[in-house]
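A.B. asks: Protein chains in written order, with the numbering used here: chain A, 1 to 255; chain B, 1 to 432.
Keep in mind that the hints were calculated from the coordinates and are not lab data.
Note that the Cβ used here is the ideal one computed from N, Cα and C, for glycine as well.
Do not take every clue at face value.
No more than 20 Å apart at the CA atoms, straight line, and that leaves these computed lysine-lysine pairs for PhoX-like [stated by the list, open to error]: (1) K123(A) to K83(A); (2) K145(A) to K124(A); (3) K87(A) to K136(A); (4) K120(A) to K138(A); (5) K83(A) to K179(B); (6) K120(A) to K179(B); (7) K325(B) to K352(B); (8) K352(B) to K87(A); (9) K136(A) to K186(A).
Computed list of chain A residues with no C-beta within reach of chain B, every gap over 12 Å [unchecked claim]: (10) A62; (11) V77; (12) I85; (13) K87; (14) Q97; (15) E125; (16) H132; (17) R162; (18) M166; (19) E187; (20) I193; (21) N238; (22) H239; (23) L253.
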Amino acid sequence: MAEAKQMQVSDEVAISIQKMNKWYGTFHVLRDIDLTVHRGERIVICGPSGSGKSTLIRCINALEEHQKGRIEVDGTVLSSDLKNIDKIRSEVGMCFQHFNLFPHLTILENCTLAPIWVRKTPKKEAEEIAMHFLEKVKIPDQALKYPGQLSGGQQQRVAIARSLCMRPRIMLFDEPTSALDPEMIKEVLDTMIELAEEGMTMICVTHEMGFARQVANRVIFMDEGQIVEQNEPEAFFNHPQSPRTQLFLSQILGH
Amino acid sequence: MSDTHAESVAFVRETALPPTAPPMAASGPVLWARTNLFATWPNAILSIAAAYVIYLILAATLPWMLNGVWTADSLRGCREVLDGTSGACFSVLTERWNQLLFGFNYPSELYWRPTLAFVLLFVAAAPVLFFDLPRKLLIFTGLYPFLAYWLIWGGTIFIPLVALIGVIVGYAVYDRLVKRNFALGFFSGIAAAAVVWWIGGALIEQFAFGAPMMEEIASRNLGGFMLNMMLGVTCVSLSLPIGVALALGRQSSLPVVKMICVVFIEFIRGVPLITLLFVANVMLAYFFPPGSGVDLFLRVVIMITMFSAAYIAEVIRGGLAALPKGQYEAADSLGLDYAQSMRLIILPQALKISIPGIVNIAVGLFKDTTLVSVISLFDIVGMIRGPILASTDWAGVYWELFMFAGGMFFIVCYGISQYSQWLERRLATDHR
Numbered sequence: 001m002a003e004a005k006q007m008q009v010s011d012e013v014a015i016s017i018q019k020m021n022k023w024y025g026t027f028h029v030l031r032d033i034d035l036t037v038h039r040g041e042r043i044v045i046c047g048p049s050g051s052g053k054s055t056l057i058r059c060i061n062a063l064e065e066h067q068k069g070r071i072e073v074d075g076t077v078l079s080s081d082l083k084n085i086d087k088i089r090s091e092v093g094m095c096f097q098h099f100n101l102f103p104h105l106t107i108l109e110n111c112t113l114a115p116i117w118v119r120k121t122p123k124k125e126a127e128e129i130a131m132h133f134l135e136k137v138k139i140p141d142q143a144l145k146y147p148g149q150l151s152g153g154q155q156q157r158v159a160i161a162r163s164l165c166m167r168p169r170i171m172l173f174d175e176p177t178s179a180l181d182p183e184m185i186k187e188v189l190d191t192m193i194e195l196a197e198e199g200m201t202m203i204c205v206t207h208e209m210g211f212a213r214q215v216a217n218r219v220i221f222m223d224e225g226q227i228v229e230q231n232e233p234e235a236f237f238n239h240p241q242s243p244r245t246q247l248f249l250s251q252i253l254g255h
Numbered sequence: 001m002s003d004t005h006a007e008s009v010a011f012v013r014e015t016a017l018p019p020t021a022p023p024m025a026a027s028g029p030v031l032w033a034r035t036n037l038f039a040t041w042p043n044a045i046l047s048i049a050a051a052y053v054i055y056l057i058l059a060a061t062l063p064w065m066l067n068g069v070w071t072a073d074s075l076r077g078c079r080e081v082l083d084g085t086s087g088a089c090f091s092v093l094t095e096r097w098n099q100l101l102f103g104f105n106y107p108s109e110l111y112w113r114p115t116l117a118f119v120l121l122f123v124a125a126a127p128v129l130f131f132d133l134p135r136k137l138l139i140f141t142g143l144y145p146f147l148a149y150w151l152i153w154g155g156t157i158f159i160p161l162v163a164l165i166g167v168i169v170g171y172a173v174y175d176r177l178v179k180r181n182f183a184l185g186f187f188s189g190i191a192a193a194a195v196v197w198w199i200g201g202a203l204i205e206q207f208a209f210g211a212p213m214m215e216e217i218a219s220r221n222l223g224g225f226m227l228n229m230m231l232g233v234t235c236v237s238l239s240l241p242i243g244v245a246l247a248l249g250r251q252s253s254l255p256v257v258k259m260i261c262v263v264f265i266e267f268i269r270g271v272p273l274i275t276l277l278f279v280a281n282v283m284l285a286y287f288f289p290p291g292s293g294v295d296l297f298l299r300v301v302i303m304i305t306m307f308s309a310a311y312i313a314e315v316i317r318g319g320l321a322a323l324p325k326g327q328y329e330a331a332d333s334l335g336l337d338y339a340q341s342m343r344l345i346i347l348p349q350a351l352k353i354s355i356p357g358i359v360n361i362a363v364g365l366f367k368d369t370t371l372v373s374v375i376s377l378f379d380i381v382g383m384i385r386g387p388i389l390a391s392t393d394w395a396g397v398y399w400e401l402f403m404f405a406g407g408m409f410f411i412v413c414y415g416i417s418q419y420s421q422w423l424e425r426r427l428a429t430d431h432r
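So that you can see chain A by itself, here it is in the shape it has in the complex (with noise of 0.2 Å):
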């Protein structure tokens, strides 16, 4: 399995972090953030509340600025110039914990909002490829209702969906799964594994160990803004270096 994973890693690099800085206000965020993505890996990042994994991923769309340190995403360097993020983030597919669809529209209008006004894509070629999509998110029958009459896993599945109608070749994930009720968990989990299966590059801030271990190359632990320590999941998981990581797994594992 480990060997199947890494087959799919190419040597392009994808997403490159270089001593990267944030502050809000005083507080140090992030401190010295290094850290390179290849096309076609799956990182997860967990870490404590507060211990800036999900500023960090937000950084990386330029939803938060950072002050000190050079991103650079799919060989686009991230810089203050409007035009430079915004073709950043129509790259960059992200889905959020409370999965922000936009309730005044269907779900159909949902995907295909950005794909009609950022690439300039014909309604109609829009509508098929945001129904190829919902199929494959497996709620084509709920196309033309609003986001409020769908459950919180149909709608996360929605939100995934409408990032995969702008094409990215970057997903990032900001704790999909934290505001959902268990049992509709796994549905977007399945969702989400069955996109790393087929090579998208991704990036997953949460806390579900099992598909850390399931899907992740690489597992990221984080605290107190900084990278403690990271590894293949295996090694990760059954062999914590870090007491840090040994506690923060001991008790997240630990019931």
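Add chain B to chain A, keeping to what the hints say.
C.D. replies: Just chain B now, with coordinates in the frame of chain A:
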């Protein structure tokens, strides 16, 4: 749990309970009255007392209204017909009907022009208010302001025509340049429109095109309820987009834009409308180039529009603040630019939240148009207080006239209110 399982803790349901209909609510007028009007002793006493008060009010007003005189030619005439009995003198409404609607200086043979404009207003407003109608109708909505101007004020058709061409040219320039830069497109558009207006104005002056001409009516000859409607419709439709722009400007990350919007809103909100109207009447002329003689109607429109735009901006700011941050982030993360995310994601939701507040302002604005009577414009209240009550024929007919004015405003405001409730239901897609 059923009896058979009562003694044991372990329980497995073997058959699912079928869903059943809810218990029928008991009905019938007697039962309704018993539960709503006479449920308890105090309740019954209050109901009877309320009924008595309603009876007293109707007993006082109904005979007065039903006994009303509609055909006399003066208050004295009314009194003769009534011969000492109590009754309303509605004759003032029939006799001064045209004055109440059009003012006392609008030529009566031209009443068809504002009336036609009023009827066409509904055609023009329909596709904006009811967005299920075909979008092509919006073309007429775009032409309507120029058409209505020509119908009401008359004069040469080239004035509204040049204004229309200026707007079209300005928009074309804006549309061409906005892709490069919003500010560039915006200001070039305005500049292009201004150039067209300037050249067009000079041409009209030079050659004094007279051919397709209607009799010209000066602004000071407009009046009556027509003036209230004109001010209300113009100011509401102008202040909504300006209010949106101000609300967005107030949230802008550009400090200069933000400061201009904050200062504008805070200043205008801090000043009574009536002061602004006096400014419009007397002082605003100083701000325009000497001799340009900007029309009093236009000056009043500018002031009322600024006033209500500031209020609408604050209402919309409330709607913007009510949106979860996630909506902005989702729009950003999909790669939509600022204009797209505002237009497609943020404003549709923020405006929906703001509907009750905006309608509140619109209704208030419409009624505030009566304030123009203090700067000697003869709107419906100005007509009543001035020419009608001051005439020897109708001095002293207060109730009937002000009831009529109130009724006219009520019809329009109630219509706006009903529309807004329909709109809220129509836009309810969040299924909370």
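A.B. asks: Work down the list of hints and note, for each, if the structure agrees.
C.D. replies: Hints versus structure:
no.	hint	verdict
1	K123(A) to K83(A)	violated (24 Å)
2	K145(A) to K124(A)	holds (19 Å)
3	K87(A) to K136(A)	violated (26 Å)
4	K120(A) to K138(A)	violated (26 Å)
5	K83(A) to K179(B)	holds (12 Å)
6	K120(A) to K179(B)	holds (14 Å)
7	K325(B) to K352(B)	holds (17 Å)
8	K352(B) to K87(A)	violated (31 Å)
9	K136(A) to K186(A)	holds (15 Å)
10	A62	violated (8 Å)
11	V77	holds (17 Å)
12	I85	violated (8 Å)
13	K87	violated (8 Å)
14	Q97	violated (9 Å)
15	E125	holds (17 Å)
16	H132	holds (18 Å)
17	R162	violated (7 Å)
18	M166	violated (6 Å)
19	E187	holds (21 Å)
20	I193	holds (22 Å)
21	N238	holds (35 Å)
22	H239	holds (36 Å)
23	L253	holds (30 Å)
In this structure, the earlier hints numbered 1, 3, 4, 8, 10, 12, 13, 14, 17 and 18 are contradicted, and the remaining ones agree with it.
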